[in-house]
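In the order they appear, the protein sequences are chains A and B. At position 323 of the first sequence (counting the first as 1) the number is 323 in our numbering, and the numbers step up by one without a gap. Remember, our numbering sits 473 above the position in the second sequence when you count from 1.
Source of the hints: derived by calculation from the structure; they are not laboratory data. Where is the CB? At the ideal position from N, CA and C, for every residue including glycine. It is possible that some hints are incorrect.
Below, a list of computed lysine to aspartate or glutamate pairs in the EDC-like style, where the Cα atoms sit at most 20 Å apart [as the list claims (entries may be wrong)]: (1) A:K362 x A:E378; (2) A:K455 x A:E389; (3) B:K497 x A:E129; (4) A:K24 x B:E692; (5) B:K928 x B:E898; (6) B:K917 x B:D873.
Only some residues are given here: those of chain A computed to face chain B with a beta carbon under 8 Å [what the hints assert, rightly or not]: (7) G31; (8) A33; (9) G35; (10) T54; (11) E116; (12) A143; (13) N201; (14) V202; (15) M256; (16) E259; (17) L310; (18) S332; (19) D333; (20) Q338; (21) T363.
Only some residues are given here: those of chain B computed to face chain A with a beta carbon under 8 Å [as the list claims (entries may be wrong)]: (22) V733; (23) P758; (24) H762; (25) L763; (26) R784.
2 protein chains.
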Amino acid sequence: MVPDIRLDSSSPEPLYRQLYEQFKTAIRHGGLARGEKLPPTRELAGSLGLNRTTVAAAYELLESDGLIRGHVGRGSFVQALPDRLETRDGVAALPVAARISFSASRPSEMLFPLEEFRATCREVLDSAEATQILQLGPAAGYAPLRRYLLDQARERGIAGPDDDILITSGCQQAFDLLQRVFASRGETVLLEDPVYPGLRNVFARGGARVTGVPLGENEMDELARAVEKERPRMIVLTPNFQNPTGTTMPEPARKMVLEVARKAGAIVVENDLYGDLRYRGRALPAMKHLDRTAGTIYLSSFSKIAFPGLRVGWAIGPRHFLAGLIEAKQASDLHSDQLSQAVLLRFAESGRLAAHRGRMRKTGGERLQACLEACERELPARSRFTRPEGGMNVWVQLPDWLDACELASRAEQEGVSFLPGRTFEVSRPQPHSLRLSFAGLEPKEIRAGLAVLGKIARSDSGRGVRREEPALV
Amino acid sequence: MVPDIRLDSSSPEPLYRQLYEQFKTAIRHGGLARGEKLPPTRELAGSLGLNRTTVAAAYELLESDGLIRGHVGRGSFVQALPDRLETRDGVAALPVAARISFSASRPSEMLFPLEEFRATCREVLDSAEATQILQLGPAAGYAPLRRYLLDQARERGIAGPDDDILITSGCQQAFDLLQRVFASRGETVLLEDPVYPGLRNVFARGGARVTGVPLGENEMDELARAVEKERPRMIVLTPNFQNPTGTTMPEPARKMVLEVARKAGAIVVENDLYGDLRYRGRALPAMKHLDRTAGTIYLSSFSKIAFPGLRVGWAIGPRHFLAGLIEAKQASDLHSDQLSQAVLLRFAESGRLAAHRGRMRKTGGERLQACLEACERELPARSRFTRPEGGMNVWVQLPDWLDACELASRAEQEGVSFLPGRTFEVSRPQPHSLRLSFAGLEPKEIRAGLAVLGKIARSDSGRGVRREEPALV
């Protein structure tokens, strides 16, 4: 049903945006159901007394959000599941209409410290550097930011005197540059299996031979064998709170991987995107810190802590590796956006980042706790799940009789979404697994969402019993 | 000689930045000459009563600017010519110490409307969209900006109903994505010769077969033959105020290229980076507008008009081409920075961009005029130069007895820099050519710089005579 449209022509908000917002609300809250036809632009324009192009503009915004889809000659239809890749996690299946979404591994925008961000921008633009920031800059990144991050890394023992730093447009671009410089001729790249699909895809698209290795605590032997057999050019790991599993690699395993890589002459890429989000337990030394052979490249980013819409990440590693990456960066896009680099530097230097990080850790810890308790309570018997010490994701393995894609599709009808294990497969099928990204949800949403999942899963399995198996570590 | 360092410990500027600035000034103004050794960090720290790490931090900033260079065990030395690619134009030879630089094809930062930029940022961050802007966004770009640019393009006849738009991190990234999607398997790409090296490099690095074709007015036949012979996958052109030549392709030539490309099944890429900077003469229809066969992809960017440090460009073309580019964009870096997208949208929507563009055209026209008059007056006999109607560059062909690299090296000693033709070669050697990027200089600097070039060139050639040859059109 078409919503009751109320437009305010005295508002500074353009009419097409008002129209767009009202349709969006109607679609998101189910007032307009999937498959329902929108009125033709001419007709709606006539009934609202608008210019037809105004209605067309609103429809186009809806379409670019994936909320509706136009078919030539037939009109526009509501699209609960966008079929075009427009998600925030490199994955094609984020159900836009879900009320509780466990689908995106990212911070909640409700936690962004907007006032502090505004103040930071003002300070940057009022500074003597403002003009220089708005001019073209060096490929390796804004020098004061590079300096700051390198200092921080030195203090933590992650950078040494022979290391250099490159600012990238998020970690995703670091993966991309690594692929182009070190794995563009069919080289083998070893990844954790399961893994974040944006990471897998960038290497697979670039023509690398991608091999997945499970990296649980007891699977180190398998990694050693794979390295010996495959002679990879690169091993990409997320030792802290891996995406999607949430697991952390213990210190002995880190050392073992470094040793195996050194023997095989493979570059170790340590993706520490989530490392700052530890909610409990003791921080482990970075692989870059443990490595004494200049064979590791360390990646991180502001985006899981602060403002992901600002695309600023970085790579730290031996100068001889970094030189090639900096050259590739320049060919790719000259350099990363300097306004965002300068604003994030100021946000960090002013102490605001540390304060915000503290809040994110507290909130994240509460959300993780809520998620683990709800998993314990709601998931059917013989389910298992990881117990991360930080990050944004819990990995669930359902009992064998439950298919995670089936569950996803039924859950979506009840307004709850998550990504099934299939999304994260490298070499091993994951039909019974799923990822719960809890960090963007409040504890009450987490509980409600898991109650829905549990209800469906238990009804499917025909058993209302509680889980008996021990949890995965 | 080490400058007289004066540090103010009560200043909000950190001490290492003060130290850095004072060394920078000394190097740029010749107080510290190339090759001169800087005092060891320990020694300078002692004499200034500073912590050694403070001095080391300042040296590191100097090094990352390419102003000094450290040699293990020997110390740090002043480096007038940075040997590391840290320039603003994709080229490795910008002499940092030059007082008058014709080297960079970019707007002067002195012309940035900083107050208006600050106001724009405030409006964006105070708007209801602020939170959404700081969150992850869609790969194709920030929807309101896409909508705005597509509307503008429609009004100008550049976009039709079957076109889509992708926001890129500047035009450089658009080239990169085009290479990856359409020319990653050794396909032939036809470029103008000479051409901007960042464009040539991105295709050559990606493994395309790059062929250069001169595109002067009388060289259309050569293009037609090249297309027939080489069967290129893509033809990349800058029809308005090409970089480096400054020339504009006449309308009949545009139509002819489209026809030749259509017959050969080649994609035409129209790089319209400079199109908004027309200072005189009548605007010509875009090739994208003239093309009725959905075979053209149109590229543009804010960076030559407004704030190049904000990396926002765009590609408009048929949906079937754009779909692949959007996918490649997502694999590359998820999406372009959203803060910059939103700020530039607001800058445009508010009318500030149009006002600024007017000022840039006025200033640019004056600078072009000054450059052409000075070329006329100062260059030695038998020199020829283009007479652009817009853009940022004039292309000079010196008489055969003058080598442009020699001239560059002698001019640099007198504080004037430019890029010799060699920098822009594709298939044809350009030993006697050079590019004068005039847009970043004031008329008096342009006159002074050309007086220096003229003096050296005339003394080299042993003739003090004025030029007699007609100018290139």
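Going through the hints against the structure:
Note on A:K362 and A:E378: the hinted pairing is violated, with a Cα-Cα distance of about 24 Å set against a maximum of 20 Å. Distance check on the hinted pair: A:K455 and A:E389 sit about 27 Å apart at the alpha-carbon level, beyond 20 Å; violated. For the hint linking B:K497 to A:E129, the alpha-carbon distance of about 15 Å falls within 20 Å, and the restraint holds. Taking the CA atoms of A:K24 and B:E692, the gap is near 54 Å; set against the 20 Å cutoff, the hint is violated.
This hinted pair does not check out: B:K928 and B:E898 have alpha carbons roughly 26 Å apart, beyond 20 Å. Straight-line distance between C-alpha atoms of B:K917 and B:D873 comes to about 29 Å, which puts the hinted pair past the 20 Å bound. At a threshold of 8 Å, the smallest CB-CB gap from A:G31 to chain B is about 21 Å, leaving the interface hint violated. For A:A33, the interface hint is violated, since its Cβ never comes within 8 Å of a Cβ in chain B; the closest pair sits about 23 Å apart.
Checking A:G35 against chain B by beta carbon gives a least distance of about 23 Å; that is not within 8 Å, so the hint is violated. Interface restraint check for A:T54: the shortest CB-CB distance to chain B comes to about 12 Å, outside 8 Å, so the restraint is violated. Checking A:E116 against chain B by beta carbon gives a least distance of about 11 Å; that is not within 8 Å, so the hint is violated. With its C-beta approaching chain B no nearer than about 5 Å, A:A143 sits inside the 8 Å limit, and its interface hint holds.
Nearest Cβ of chain B to the Cβ of A:N201: about 6 Å, under the 8 Å cut. The hint holds. Restraint check, A:V202 versus chain B: the minimum CB separation of about 5 Å is within 8 Å; hint holds. The interface hint given for A:M256 is violated, since its Cβ lies 31 Å from the closest Cβ of chain B, which is over the 8 Å cut-off. For A:E259, the interface hint is violated, since its Cβ never comes within 8 Å of a Cβ in chain B; the closest pair sits about 28 Å apart.
Interface restraint check: A:L310 against chain B, minimum CB-CB distance 6 Å, threshold 8 Å, status holds. At its closest, the beta carbon of A:S332 sits 5 Å from a beta carbon of chain B; the interface hint therefore holds under the 8 Å criterion. Because the beta carbon of A:D333 sits about 4 Å from the nearest beta carbon in chain B, less than 8 Å, this interface hint is met. For A:Q338, the shortest C-beta to C-beta distance to chain B is roughly 4 Å, which falls under 8 Å, so the interface hint holds.
A hinted interface residue such as A:T363 counts as satisfied when its beta carbon comes closer than 8 Å to some beta carbon of chain B; here the least separation is about 16 Å, so the hint is violated. Against a cut-off of 8 Å between C-beta atoms, the interface hint on B:V733 is violated, since the closest Cβ of chain A lies about 29 Å away. This hint is violated: B:P758 has a C-beta 23 Å from the nearest C-beta of chain A, more than the 8 Å allowed. Interface restraint check: B:H762 against chain A, minimum CB-CB distance 20 Å, threshold 8 Å, status violated.
Among the interface hints, the one on B:L763 is violated; its C-beta lies about 25 Å from the nearest C-beta in chain A, farther than the 8 Å criterion. Because the closest C-beta pair between B:R784 and chain A is about 5 Å apart, less than 8 Å, the hint holds.
When each numbered hint is compared with the structure, violations occur for hints 1, 2, 4, 5, 6, 7, 8, 9, 10, 11, 15, 16, 21, 22, 23, 24, 25.
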